[in-house]
Structure formats: C-alpha cells, structure tokens
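**Student:** Since the structure of chain A is provided, determine the placement of chain B with the ligand on it from the hints.
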Amino acid sequence: MSGLLKLKTAAELRQTYLRHEMFPTIFCDGCGLGNVLNYTLWALDELQLDLDRTVFVSGIGCSSRLSGYVNADGMHTTHGRALAFASGIKAAQPDLNVIVFTGDGDGSGIGGNHLLHTIRRNMDLTVILVNNFTYGMTGGQAAPTTPIDSFSTTTPYGNIEYPLDICALAQTLGAPYVARWMINQPYPPIKSIAQGIQKRGFALIEMLVPCPTAYGRRNGLKQLETIWQWYREHTILIDDYEHIMHFGSPEERAALHDTIKIGVFQDCERESFEARWATLVEQVKL
Amino acid sequence: MSTHRDRLRQAMGDKVQFVQGDDACAYGAILAGCTFFAGYPITPATEVAERMAEILPKIEGCYIQMEDEIASMGAIVGASWTGVKTMTATSGPGFSLMQENLGYAIMTETPCVIVNVQRSGPSTGQPTLGAYGDMMQARWGTHGDHEIIMLCPASVQEAMELTIVAFNLAEAYRTPVLVFIDGELGHMRERLVIPEDDEFELVERTCATSREGYRPFAAGENLVPAFAPFGAGFRTYVTGLTHNEAGLPRSASAPIHDQLVRRLADKILRNTDQIIRYEEFGAEECEIAIIAYGITARACRDVVEEGRQRGLKVGLLRLITIWPFPDEVVARWAARVQAILVPEMNLGQIVHPIREAVAGRCPVMLQSKIGGELHTPTELSEALEELRCQVC
Ligand code: SF4
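If you read the sequences in order, they're chains A and B.
Per my numbering, the very first residue in the first sequence carries number -14; after that it's consecutive.
Per my numbering, the very first residue in the second sequence carries number 2; after that it's consecutive.
One should not assume that every hint holds.
[What the hints assert, rightly or not] Covered stretches of chain B (in silico footprint by chain A; criterion: 3 or more residues with CB under 8 Å from a CB of chain A, positions within the stretch not fixed):
#1 8 to 21
#2 59 to 71
#3 95 to 105
#4 232 to 241
#5 246 to 257
The hints are simulated quantities; they were obtained by calculation from the structure and are not laboratory data.
C-beta atoms are modelled at their ideal positions from N, C-alpha and C, and glycine is treated no differently.
So that you can see chain A by itself, here it is in the shape it has in the complex (with noise of 0.2 Å):
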C-alpha cells in the first residue's frame, strides 16, 4: 500500500462497493457509523480487494448493520456471535477475506467470550469494532463500555460499573494488530483498516464513534460541536501517552487518569490459526 492514500469521492466509492437495495440506512442522522462504513470503503479500495473473495459478518445491534450495506458476500449473524460464525468461514475457506462488523455491546458484552477466544487462537480476521459506549439499537442501555457516572436508561443516576478497555484486552491476549481511532480524522483508521486486512492474525481495529440519539442526549453530547470537543479532551494519541507517562509531572500524569487512548497500540507477526492447521494438515494428511 502506498504510503499517500489517493481517495475515491465518496459518489465512486458508493457506486462501487454499495448494495443499492438496502438504502438508505437505518442511521441516524449524526450517528458515526456511516463515517466507518466510509473509511472501510476507502481502505477496501486502497487494497482493491476482491469482493467476490470478502464476507463481511456481524452481529446484532446499529453497528452489525454495516455488513449489508456492502455488495459482498455477508452474514448478519447473532448476537455477540460474529466472531464464532466468522471463524467457521475463515477455517473451513481461508482463502476468503473475512472482515467482521461488531459494537462495543456486541463484540465485548455478550459477546466477550468469543472475543477472548478468537484472538488466543489468532484467528485471520479484520475485526472493526464500533465503541459508541451504548446498546444503541435498544434505546441506550448501560454497555461494557458506557464511561463511569455517565447516564443511560438502565443508569438513570449514573453509572457506577468501570469501562472495559476492549484495545487492552486485545494487547494482552496477543492480538497482532491493534488499533483505535475516532472518527473525526478519516486517514489514519482508512490505513489501520487496511493494515488490518493486510495482516495475517487477528487485527482489531476498535472506532470511538458518537452515537447522539441513545447514548449521547443522555450525557450531553447531541451537538456536533460538543460531541467533537469531549472526543478531543478525553483522547490522547498513544505515544503522546506514553510521553507524558515517562516524562510528565505527577499531576499531568494523574490528569490522563480517565483518558482514552488512540492510535496503534500493537502491530507485530505472530502465525494465525488457519496457517498452523494448515502446517499440521500438511504433516498428517494422508
């Protein structure tokens, strides 16, 4: 991939890659999710990936709808399952791209587990999971995500749970790629998500996108404006992070005690699942 990203107009890219008949979305208006489905788009293109090759897979919630949205071979599966279906096609066909659709609720609440499991096994997939920090599609419950003391209709008086950092998790447990974005820079989650497909592993790529319908009328982000400034103060990128962490008084590093992390937070080899059984298959086979 080249190093400066020569973009589609977004007309091109929908003429290109949409599948006309689900039009228009279920979006609403503001939501970050067309922003996703767009740097997706890009990244796909940048590729040129073979679509005919490429299943897109999903759970359920806003976020899952992505995957019918694109003119390729999909499955909206169920919820917090993606990954378990997503798997069986990546095993029994890897030589198909599989990019996997999920929410914060979806990928890490119920479907937690499979997360976990997906990654310790390293399965080849390009996960783009969306952190609205709300169950959207239901009308803003509490998630995994949902930031401490913010409100939502099952935190009427504030949520008391602490935040699942989803990238972390991912980093522990090995993940090859990892990264997180928010929405309001296109460029650099078009070149994770390219990276992402690129890499032969699991790649996570997990996009803070604002959600003002359910979770952010609740907490006071359903303008633009306010929702761009609370992004901007409660993100630093990583190595700005690790800076100050290093460098910084007590005080500036006590003030990024609630602060999210961008950026790419790991990107190294380590041999996927379908590789490995295909090394064991070639020892065994008869």
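**Tutor:** For chain B with the ligand alone, coordinates are given in the frame of chain A:
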C-alpha cells in the same frame, strides 16, 4: 494413486470394528463427506469430537475446538456457507446453549448436523448416564415457529447409518438435522461394519448455476432455494431477520414473514414421506403395541419376539424419525390395536405426540424410567401384561 474416498476409509481404519456409538456418529459423518467439525468437550459426547479431531486433518478437513457450544454451533453454520458439510456434537447442557444458533440455521436454511448424546437433566444431572430428556427441547427449544428433523438410532451400526442419512436430509432440505442418541448407546461398544460406497446414497445441496437474476431465498416447487457458497461471486446477504427472496431484511412485513416461515415449515412437512422412517415388528394380529425409540426399543424388540413365540399378540412400532412426528403411522397402529405401551427414559415426552396421534382410539400407557438405567425386558413384559389385563 489412492482416491479421496480411499483415504477416508484409511483414516477410519478397519472395515469391521468394535466401537462406541459416539465413534459411529463420527464415522457416519466422514462417510457422508463432512469435512468440518466444531465442538466443545462434554460427557458423554466428547468421543465424537475426539474421533473427528483425529480423522479430519488426515483427510484435509478442519477440526476446531470452540470456547463453548454457542460458538460451536455458530462455527458450523458459518463453515457450511462456504459449501462444506459440517457437524457438531454435544449433550444436554450444550444442546441448551446451541438453541440460539440452531434457530439461526433454520432461518438461514443452513445445512448442518448436530449429534446429541443425551444425559439426564435438569441442569448437570447425571453426566455419565444415558437419558432421553431432550426429545421435546429438540422440537421446541429454539424460539419461534419452526419444524426440525430428528433421527433416533438404536444401535452403534445404526448411529453411523443414520448420521449419513442426517447429512443427506440436511443437504436436501437445507436445514439443520439432529441425530439423537444417549449416553448408553454413545459409550456402548458393538460391532460396526463400515459400508462400501455403493451401499449407501449421498445427497448434495442443489447449487445455483447462474448469478444472473439469482435470488438466494427464492424457492421453486420443492420449496428449497438453490445454494450459492460464499466466495463464488453471488454476493449473498444472509440474515436471521425476516427477509425477502433477495435475502434483504423485511422484519416489519407481515406477509413476507408469513410466507417465509410457512415455507420453512412446509419444505419439511410436505416431504414427510421422504423423511419419516420407522420399523414394525408383529404389526399383524397385534392387540397390544409398544411404541418406542432409541436404545429402549432394543429391549422392546426382545420382549415382543419372545411374547409372540409364547402366542401373545404383541407388536412393536420403533420410531426412527421422531421429528417431524409420524402421526399417520401411529394413528394406523392405534386403529388396529387395543392398547399402546410407551416406555421412555424420561418422565414422558414422546408420549404426548403419540397420544395426540392416537386421538383416544385406544388407551396409551406411559412407562417412565429415569435415573440412568435402561428398561429391562422383565419390566417391559410386566407392563405389557398389566395393560393386557386392563383391556383384553
Ligand atoms: S442509535 Fe446511536 S448508534 Fe444507533 S444508529 Fe442511532 S445514533 Fe447511530
């Protein structure tokens, strides 16, 4: 140069073996052309996974051990969409976990086979002992309106044969098919003869031939849509939501939901003559009948044969296909006999559809036995005698 079929046989070993029912299910799958197995260990079904883990890499298939039975079921459905034949195996608690994705397989018309080596419940129950407590869960366990196909072998040999049949039915009707044995049959060793290829039939799903105008969920007269595997350029969208013939979600449409769900049921209900299997002993001049299935039917067969030698007018209807339920066969027996005995290794499950089919034509007596022991011939003879005294 050995063929793929030769290699399958080589991977399974000798033509005649002394093996468990669990092994027989694995062999049936291999003979049927299954190349993908996903599973999770559970007593008394683990040996099915162990055999598959041993054989599949030898024949260039794939075995994957998942994190639980939910994932196992998901993986075999995903793999099936790449065009391969897939199976999983479990027991009661695992079967409970599979219900969610079993429903998905029904809704998305995904061929696959699930073996359930039943043990008692509720909950953890008696893991090492046989039971038939999941017969109704098989029928109604997953939510929503649906039909299911379930086969119940009575011997190690038949476990292998019916697993092949299960794959054929799954492919023919594009639906999950259940093979239900129990812990006793699963762990019991018997002589098994691996058949030659010309001794059984193999069915493959009908595949779409042209991308032009292809609609993935549009079915012709046989109500089964043509299949297009992932990666073949058909660009199919598969969803568990109510969908139209193009596969697009139409979850708020009453007519589309009605049409879809009725077709899914009808593709099974209109083919019951192809799906329903049973065996009859002593059907002629029979006053008291036993209706049984699974391992219980073996002792019943002995009791009926021995009774008829003594001049008793007794017979046995052994149900092999449990779902869809063979109402007409049961009704035919009910019209001829004076009473029916139903021995079950549960507190009474299949006795209910039997009573519904009998529709009051004759008395139906349930002989329940739970705790892990099989019905003995003596118990069955005594129950028959009691019933005979009541009605004859
Ligand atoms: S509920 Fe939230 S996440 Fe769902 S479509 Fe609306 S804005 Fe987007």
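**Student:** Against which earlier hints does the structure fall short, listed by number upward?
**Tutor:** none
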